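J.: Quick note on our numbering: the sequence shown kicks off at 4 and runs consecutively.
Worth flagging that the hints you see were computed from the coordinates, not collected in a lab. All values reported here derive from a predicted model rather than from experimental measurement. Backbone N, C-alpha and C fix where the C-beta goes; we use that ideal spot for every residue, glycine too. Among these hints, one or two may not hold up.
To be verified - Label-pair ranges, simulated between beta-carbon atoms:
no.	residue 1	residue 2	range
1	Met4	Asn31	19 to 25 Å
2	Gly9	Asp32	34 to 40 Å
3	Lys36	Met4	36 to 42 Å
4	Ala26	Lys5	30 to 36 Å
5	Ala11	Met43	21 to 27 Å
6	Arg13	Arg41	31 to 37 Å
7	Ala11	Arg41	37 to 43 Å
8	Ala15	Met43	17 to 23 Å
9	Ile7	Leu28	28 to 34 Å
10	Asp32	Thr10	15 to 21 Å
11	Ala15	His38	17 to 23 Å
12	Met43	Leu12	24 to 30 Å
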Amino acid sequence: MKHITGTALRSAACVVLLVTGLALLAGNDDIRKFHRMRSM
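Could you put together the complete structure from these sequences and hints?
T.: Okay, structure coming up:
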C-alpha cells in the first residue's frame with residue numbers, strides 16, 4: 004500500500020511539474036484559461 008501511494012505521489016508531482024512548465028511556456032492568459040477550465 005505504501006509503495007502504491009509513493010508511486011501515485013511521484014506521478015502526481017511529475018504531472019504538476021509538466022503542467023507548470025507548459026503553463027509558463029504558454030504565457031499568462033493561457034494560465035487564466037486553464038484555471039477557468041479547472042474550476043468548472
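J.: Evaluate each hint against the coordinates.
T.: Structure-based check of all given hints:
1. At roughly 41 Å, the beta-carbon separation of Met4 and Asn31 lies outside the given 19 to 25 Å, and the hint is violated.
2. Taking the beta carbon of each, Gly9 and Asp32 are about 36 Å apart, inside 34 to 40 Å as hinted.
3. Range check, Lys36 to Met4: Cβ separation about 38 Å, and the 36 to 42 Å hint holds.
4. For Ala26 and Lys5, the hinted distance range of 30 to 36 Å is satisfied, since their beta carbons lie about 31 Å from each other.
5. Checking the proposed 21 to 27 Å range against Ala11 and Met43 shows it holds: the Cβ atoms sit about 24 Å from each other.
6. Our hint of 31 to 37 Å for Arg13 and Arg41 is violated, since their Cβ atoms are close to 22 Å apart.
7. Between Ala11 and Arg41 the CB atoms are about 20 Å apart, so this pair departs from the stated range of 37 to 43 Å.
8. Checked against the given bound of 17 to 23 Å, the beta carbons of Ala15 and Met43, roughly 21 Å apart, stay inside it.
9. Checked against the hint of 28 to 34 Å, the pair Ile7 and Leu28 passes, with Cβ atoms roughly 32 Å apart.
10. A hinted range of 15 to 21 Å is violated for the C-beta pair Asp32 and Thr10, which are about 35 Å apart.
11. Checked against the given bound of 17 to 23 Å, the beta carbons of Ala15 and His38, roughly 18 Å apart, stay inside it.
12. In this structure the hint that Met43 and Leu12 lie 24 to 30 Å apart at CB holds, the actual value being about 26 Å.
Hint check: violations occur at hints 1, 6, 7 and 10; the rest are consistent with the structure.
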